[in-house]
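These protein sequence lines are chains A and P, in that order. Numbered per my numbering, the first sequence finishes at 335, counting up by one with no gaps. Numbered per my numbering, the second sequence finishes at 335, counting up by one with no gaps.
Incorrect hints may appear among the rest.
Straight-line distance between alpha carbons at most 25 Å, and here's what the computed DMTMM-like set of lysine to aspartate or glutamate pairs gives [claimed, not checked]: (1) A:Lys-276 / A:Glu-305; (2) P:Lys-304 / A:Glu-200; (3) P:Lys-304 / A:Glu-283; (4) A:Lys-276 / P:Asp-318.
Simulated coverage check for chain P against chain A, where a stretch passes if three residues somewhere in it have a Cβ under 8 Å from a Cβ of chain A [said to hold, decoys possible]: (5) 50 to 61; (6) 149 to 155; (7) 175 to 182; (8) 213 to 223; (9) 239 to 249.
Label-pair distances were calculated between CB atoms; the ranges are [as the list claims (entries may be wrong)]: (10) A:Glu-224 / P:Gly-29: 22 to 28 Å; (11) A:Leu-297 / P:Gly-302: 16 to 22 Å; (12) P:Asp-279 / A:Arg-296: 24 to 30 Å; (13) A:Ala-220 / P:Ala-85: 31 to 37 Å; (14) P:Leu-315 / A:Glu-224: 38 to 44 Å; (15) P:Gly-302 / A:Thr-24: 17 to 23 Å; (16) A:Gly-335 / P:Glu-305: 48 to 54 Å; (17) P:Trp-239 / A:Ala-220: 16 to 22 Å; (18) P:Gly-272 / A:Leu-297: 29 to 35 Å; (19) P:Asp-20 / A:Gly-72: 56 to 62 Å; (20) A:Ser-267 / P:Glu-308: 27 to 33 Å.
Simulated from the structure, these hints should not be mistaken for laboratory data. No residue lacks a Cβ here, since even glycine has one placed at the ideal position from N, Cα and C.
Number of protein chains: 2
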Amino acid sequence: VTSTRPAADIDTLVTRAREGDARSVARLISLVENASPALREVAAALAPHTGRARVIGLTGSPGVGKSTSTSMLVRALRGQGNRVGVLAVDPSSPFSGGALLGDRVRMQDHATDSGVFIRSMASRGHLGGLAAATPQAVRVLDAAGCDVVLVETVGVGQSEVTVAGMVDTFLFLTLARTGDQLQGIKKGILEIADVIAVNKADGDRADEARAAAKELSGALRLVHRGSKGWVAPVLTCSGLEDTGVDDVWARVLEHRESLGQDGLEAKRADQQLEFTWTLVRDELQQRLRRSAGVKEVREEIRAAVLAGDLPATLAADRILAAYDAG
Amino acid sequence: VTSTRPAADIDTLVTRAREGDARSVARLISLVENASPALREVAAALAPHTGRARVIGLTGSPGVGKSTSTSMLVRALRGQGNRVGVLAVDPSSPFSGGALLGDRVRMQDHATDSGVFIRSMASRGHLGGLAAATPQAVRVLDAAGCDVVLVETVGVGQSEVTVAGMVDTFLFLTLARTGDQLQGIKKGILEIADVIAVNKADGDRADEARAAAKELSGALRLVHRGSKGWVAPVLTCSGLEDTGVDDVWARVLEHRESLGQDGLEAKRADQQLEFTWTLVRDELQQRLRRSAGVKEVREEIRAAVLAGDLPATLAADRILAAYDAG
């Protein structure tokens, strides 16, 4: 599919975005998010201007204080003179677009700061689409001169694994819990986390958070005993009191240093290859969803299967036949 | 695709399987497991003879004592005069086939019992294939007159969710742990479990297991407070000492009773519909894997992406073009 939009428009948008024009940045992200026919042109126009930003993933369960912590982190990064992009990825939300009230409310401290660009990414119901659009949105922000791009995701389904596959460093926020701080931590998260922060280490809860961090740190050392690679450090912080955030950022930078330039490039190359196959698989799923032939038969087949009149194997054959017929 | 094998052969196999001929059962399972062209014929020939068996999923982490517990459960079911089929699903194993030494060793108590059929199912590297083959294998055992079919899976990746989608009742085995028994339980498992058993409740560990079961039971009641549906009971058992297994089975039956006949049929119909789409998605993935066009370009594209010479979006376009060209 080729675009009917003149390529010159895309080039103009990229030029303006590189000059820091927020409207052009928003426009480019919309183009990649909607898997517009212009996606390929946008990617090609961006390519020469990308690769410079530090790309950081940030996740944690609802209630862990992600928004507040992100806001504090953005403030710290701005204080150091960085331009910052934030992509809030919520696979459970059907909404998207930089103009949403939610974006303004959730990080109102930065709403008037032209050095910060905030955008929600939505999945429209499928993580595959999100997995395809988000790395492109990162590249838009990278080309637009962001020194740091934060990709924030709520921990639903496979979203963290997806986000971990598109960032340089993956930061996991958790809480100290009474009893055992490991309880409730999603399995597999600790393996993909590069830096871990126990949040809400404030007031009465500070001691508990420190104890939890120490226990978690010990557990990680035990698990990774003998391995020569990076072992995720466990810190405490408080988004509310704005403490510990600088330390967390220092560890994020340290993680990236530990990769080395070659290691970082190899990691990004592997991610690009994985991303390639994500795009391919996503396109195949999209074709199935879009297929006029499938649309025509799906309700009838659904009814027949639910009524027990049609075995699943035969139903699948019919769907595939309808798909192949167009 | 149509089979070159005469349909009469399939009918003969089904007839012999229904008479309890283990070799014919094994042959039919191999046909569905290998996604043979005869799969559709097998499904059609089986259809009139299925729907009678109780289909029970059983999962737990490695080391939880699944094999021993399954063996005890099989013994209890045999003692009640049931014919029993066991499908051991291991998505991490490349091996399959009823003739494997492993199958005989792991349940040698039942090796000479003609009322028990044991079979390992392997995924050959993709869970999609397993998701497609296992419900068919269940149907073979159902048609072959098994009163109970146990689908046992090791808790890897999404395998439990997959198995939960093909059984009437889902039984989760866990262990009492020092400290907090919830620790280490994979997230999401408790939501899909219909009956939970804390295993190895024997000797010194019996008290600990009972305390753990009580705590877990309390947590579940708290979580499901106000819901009117089934709340998974938490029991203790010992595969080693063969205690508690009868109680576990009684609760499994109780769960199925709670569904009612209409509820059971609706559940199975929903599962068939989900299974239909699994088969469709699996076929699309298979086509991508088999595509001669893709095979031709994939190494070159891989190298170009890893070298940074080809952006992911363009690489995906090329793979899709190669796929579409055949």
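Structure-based check of all given hints:
A hinted pair counts as satisfied when its Cα atoms are at most 25 Å apart, and Lys-276 of chain A with Glu-305 of chain A does not qualify at roughly 44 Å. For the suggested pair Lys-304 of chain P and Glu-200 of chain A, the alpha carbons sit about 32 Å apart, so the restraint of at most 25 Å is broken. A hinted pair counts as satisfied when its Cα atoms are at most 25 Å apart, and Lys-304 of chain P with Glu-283 of chain A qualifies at roughly 17 Å. Between Lys-276 of chain A and Asp-318 of chain P the alpha-carbon distance is near 15 Å, which keeps this suggested pair within the 25 Å criterion.
With a threshold of 8 Å between beta carbons, the proposed coverage of the segment 50 to 61 of chain P by chain A holds, since 3 of its residues qualify and at least three are required. For the segment 149 to 155 of chain P, the proposed coverage by chain A is not satisfied: 0 residues have a C-beta within less than 8 Å of a C-beta in that chain, short of the threshold of three. Counting residues of the segment 175 to 182 of chain P whose CB lies closer than 8 Å to any CB of chain A gives 0, so the stated coverage by that chain is violated, three being the minimum. Three residues within the 8 Å Cβ limit are the bar, and the segment 213 to 223 of chain P against chain A gives 0, so the coverage statement is violated.
With a threshold of 8 Å between beta carbons, the proposed coverage of the segment 239 to 249 of chain P by chain A is violated, since 0 of its residues qualify and at least three are required. Restraint check, Glu-224 of chain A to Gly-29 of chain P: a C-beta distance of roughly 56 Å breaks the suggested window 22 to 28 Å. Between Leu-297 of chain A and Gly-302 of chain P the beta carbon distance is about 19 Å. The supplied range of 16 to 22 Å therefore holds. Range check, Asp-279 of chain P to Arg-296 of chain A: Cβ separation about 25 Å, and the 24 to 30 Å hint holds.
One distance hint, 31 to 37 Å for the beta-carbon pair Ala-220 of chain A and Ala-85 of chain P, is violated here, with the actual separation near 45 Å. At roughly 40 Å, the beta-carbon separation of Leu-315 of chain P and Glu-224 of chain A lies within the given 38 to 44 Å, and the hint holds. The supplied range of 17 to 23 Å is broken by Gly-302 of chain P and Thr-24 of chain A, whose beta-carbon atoms lie about 38 Å from each other. The hint said 48 to 54 Å for the Cβ distance between Gly-335 of chain A and Glu-305 of chain P, and at roughly 25 Å that hint is violated.
Between Trp-239 of chain P and Ala-220 of chain A the beta carbon distance is about 38 Å. The supplied range of 16 to 22 Å is therefore violated. Restraint check, Gly-272 of chain P to Leu-297 of chain A: a C-beta distance of roughly 31 Å satisfies the suggested window 29 to 35 Å. With their beta carbons about 59 Å apart, Asp-20 of chain P and Gly-72 of chain A fall inside the hinted range of 56 to 62 Å. Evaluation of the 27 to 33 Å hint for Ser-267 of chain A and Glu-308 of chain P yields a pass: the beta carbon distance comes to about 31 Å.
The structure shown violates the earlier hints numbered 1, 2, 6, 7, 8, 9, 10, 13, 15, 16, 17.
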